[in-house]
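Peer 1: These are the residues of each chain, in order.
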Amino acid sequence: MTNDQEGSQLLQQEGHAERLTSLRGGESANLDREIGLKLFRDMTLGRRFEDKCAEMYYRGKMFGFVHLYNGQEAVSSGVIGAMKLKHDWFCSTYRDHVHALSAGVPARQVMSELFGKETGCSKGRGGSMHLFSKEHHLLGGYAFIGEGIPIALGAAFSSRYKKEVFSDENSDSVTAAFFGDGTCNNGQFFECLNMAQLWKLPIIFVVENNKWAIGMAHNRATSDPEIWRKANAFGMKGEEVDGMDVLAVRGAAQRALERARSGDGPTLIECLTYRFRGHSLADPDELRSEEEKDFWAQKDPIENLARILAEKGFSNKNELKSIEKEIDLEVNDAVEFALSSKDPDPNELTKYIWAD
Amino acid sequence: MTGTLLFNALRDAIDEEMARDPHVCVIGEDVGQYGGSYKVTKDLYEKYGELRVLDTPIAENSFTGMAVGAAMTGLRPIVEGMNMGFLLLAFNQISNNMGMLRYTSGGNYTIPTVVRGPGGVGRQLGAEHSQRLEAYFHAVPGIKIVACSTPTNAKGLMKAAIRDENPVLFFEHVLLYNLSEELPKGDYVCSLDQADLVKEGKDLTILTYSRMRHHCLKALPQLQEKGIDAELIDLISLKPFDLETICKSIKKTNRVIIVEECMKTGGIGAELIALINENCFDDLDSRPIRLSSQDIPTPYNGKLENLTIIQPHQIVDTAEKIVRKGL
Ligand SMILES: Cc1ncc(C[n+]2csc(CCOP(=O)(O)OP(=O)(O)O)c2C)c(N)n1
Ligand SMILES: [Mg+2]
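Sequences listed follow chains A and B, in order.
Under our numbering, the first residue of the first sequence is numbered 1, with each subsequent residue one higher.
Under our numbering, the first residue of the second sequence is numbered 357, with each subsequent residue one higher.
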């Protein structure tokens, strides 16, 4: 057997990659120049921001647990990019930097938070795993597995409550809850799927199935690795999509949004994706095979979109390069801003415990 | 005039606040059609509808988390623990989400929620249904903890808790729901952070809360007969403590006993004694004493159960010793 054959057999056994070739998802979203460039910009910002985080972490500017999102950008941009900013709500995990950026939280505020500065979106009190912005309807980054899902459910409940109790027709916000494959084995996932469907709440459960929960391979942790099927048990619509394809994700998100806004309730979207880096910057990443990493590296969602944009004549290499340059400037500016920002005032150590 | 039962006083408080503010809603198991396991939300479902009085599946951590998300987005939920003990399943939501989120979010969000329900040792309910979670939750930053003890304070405190911008853990006691009392007329609110000076006295201070207030009240006449004039304070607020009232009393009496229903180890009294030592050490003529429940799972057998919690005669004996002999 050649190495190649061995490699593909390994991938097949584990199913995750193989599933990409037999997806039963719906149509991809329509593409035009404007949308294409918006998605390209958003994903590139996510990627460049995270690369900068790694650099700053290794330079000792950033501390604690830092979980990067490289490789999964199509999920954040595909879902949040289809939603209404400052109207719909977003709920994340400890892997939250890029969701925050997609939701419109300025890179300066996110970077400052990672540096622990007063100008951070959580005033330096939260850190990497606890990004919050009420202004941008970011319900937060939650560091405990699964706990963000009920929070997101509550935001969706508020939306329905205001519509019916206050007869407010404008209350049609939808909440997107992002979480990983490992989280789908936790009770809160099942409890909230049940309640969301029972009460037809406007929520989208977005599973970022990157095959790994730290060192636990998905197929070693769950009885049925096809997470989207679990929606069935609740009579909920489930969909699986290629999470490396931003237009496929966007298409699924648009269908889910349509359902949620018209009162038909929740959707579970399982995005097959992969993280290009270790679980966190402290992870030696020893369990994932080189073949597996190579396979997914070929599917880079940003290169993927760049290719399509060029093929369709919506853009070209030079234009995309100049966008990348602009984004690098934005990220560098965020670092400068964070570096020159002040630490929180020690006299305000106990501020924000109590509300007046 | 007939009196109002404590559970009805709570019901009236919730009803009045729901009428006053459409953001106020109730979330929990059997709170709606069934009217609550102790009827604290009776008829509110019919009056306010199924969204404002939401019957949930039996999923404590998720519906408590849902209440937090609802509070973050503008509602003012009241979560009922069918029994407070069940909220052990929601420990994460109460601690990480309700308690810490305002701080970790740098003030982005406030969590105006009330978590309420029956707790304490009832009559032979067995260990799991006889818990006193106030001590377990005491270390959580950012939550207020309150225990009501009479129909009057139950109503006034509940209204205050609903209006408060912070998360409030509101403890009711299973054996106090049928206490009856004539309530003050009109819309009154009690302060969430003020202790209740139940009876003035000069010889010693007794600090207590919840059902033990009534055990202390039983002890008072016997102490009076023995010529001991005790001052009785119902703490009401278990977090933060009303240190001003507590210290003022100890400055006067120079002696203090704490009577509590929670277990001795890591209990409310343990924290109180530490604070008393820090704040009133020089005012004390004798060491502060705790009368607490035994450090055991509450036994089912009635006689054993009685031995587990403090009885009025123990309060009398201890007070006498501390006053007469300096203990
Ligand atoms: C309640 C809880 N248990 C354990 C952990 C430690 N932990 C952090 S991330 C993680 C794996 C989660 O995997 P997954 O849901 O697939 O998300 P991913 O990290 O792949 O994005 C674990 C076990 C935690 N944060 N919270
Ligand atoms: Mg994972």
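Just so you know, these hints were derived from the structure itself, not from any lab.
By construction, the Cβ of each residue, glycine as well, lies at the ideal position given by its N, Cα and C atoms.
Heads up, some of the hints might be wrong.
[What the hints assert, rightly or not] Short derived list, chain A residues pointing at chain B, Cβ under 10 Å:
{"#": "1", "residue": "Phe63"}
{"#": "2", "residue": "Gly140"}
{"#": "3", "residue": "Gly154"}
{"#": "4", "residue": "Glu164"}
{"#": "5", "residue": "Val165"}
{"#": "6", "residue": "Glu169"}
{"#": "7", "residue": "Gly187"}
{"#": "8", "residue": "Gln188"}
[Unchecked claim] Residues of chain B placed beyond 12 Å of chain A at every Cβ, according to the derived structure:
{"#": "9", "residue": "Tyr394"}
{"#": "10", "residue": "Glu416"}
{"#": "11", "residue": "Ala426"}
{"#": "12", "residue": "Leu457"}
{"#": "13", "residue": "Thr466"}
{"#": "14", "residue": "Glu521"}
{"#": "15", "residue": "His570"}
{"#": "16", "residue": "His571"}
{"#": "17", "residue": "Glu600"}
{"#": "18", "residue": "Leu631"}
{"#": "19", "residue": "Asp638"}
{"#": "20", "residue": "Arg643"}
{"#": "21", "residue": "Thr674"}
{"#": "22", "residue": "Arg680"}
Peer 1: Far enough from chain A: is every CB of that chain over 12 Å from the CB of Leu457(B)?
Peer 2: violated (7 Å)
Peer 1: Are all beta-carbon distances from Ala426(B) to chain A longer than 12 Å?
Peer 2: violated (4 Å)
Peer 1: Can you verify the interface hint for Gly187(A): is its Cβ closer than 10 Å to any Cβ in chain B?
Peer 2: holds (7 Å)
Peer 1: Are all C-beta atoms of chain A more than 12 Å from that of Glu521(B)?
Peer 2: Non-interface label on Glu521(B) violated, nearest chain A Cβ at 4 Å vs cutoff 12 Å.
Peer 1: Please settle this one: Thr466(B) was flagged as non-interface, so is its CB more than 12 Å from every CB on chain A?
Peer 2: violated (4 Å)
Peer 1: Non-interface claim for His570(B): all C-beta distances to chain A beyond 12 Å?
Peer 2: holds (31 Å)
Peer 1: Closest CB-CB distance from Tyr394(B) to chain A, is it above 12 Å?
Peer 2: Tyr394(B) is indeed farther than 12 Å from all Cβ atoms of chain A, at 24 Å.
Peer 1: Checking the smallest CB distance to chain A, is Arg680(B) really beyond 12 Å?
Peer 2: Its Cβ never comes within 12 Å of chain A, the nearest being 43 Å, so this holds.
Peer 1: Find the nearest Cβ of chain A to the Cβ of His571(B) and say whether that gap is larger than 12 Å.
Peer 2: It holds; His571(B) is separated from chain A by about 32 Å at its closest Cβ, greater than 12 Å.
Peer 1: Identify whether the interface hint at Glu164(A) stands, where standing means a beta carbon of chain B within less than 10 Å of its own.
Peer 2: holds (6 Å)
Peer 1: Using Cβ atoms and 12 Å as the threshold, tell me whether Thr674(B) really stays out of contact range of chain A.
Peer 2: Non-interface label on Thr674(B) holds, nearest chain A Cβ at 36 Å vs cutoff 12 Å.
Peer 1: Next item in the hint list is Gly140(A). Is there a CB on chain B closer than 10 Å to its CB?
Peer 2: The hint holds - Gly140(A) has a Cβ within 10 Å of chain B, the shortest such distance being about 6 Å.
Figure legend: structure checked against the earlier numbered hints; hints not met, in rising order: 1, 6, 10, 11, 12, 13 and 14.
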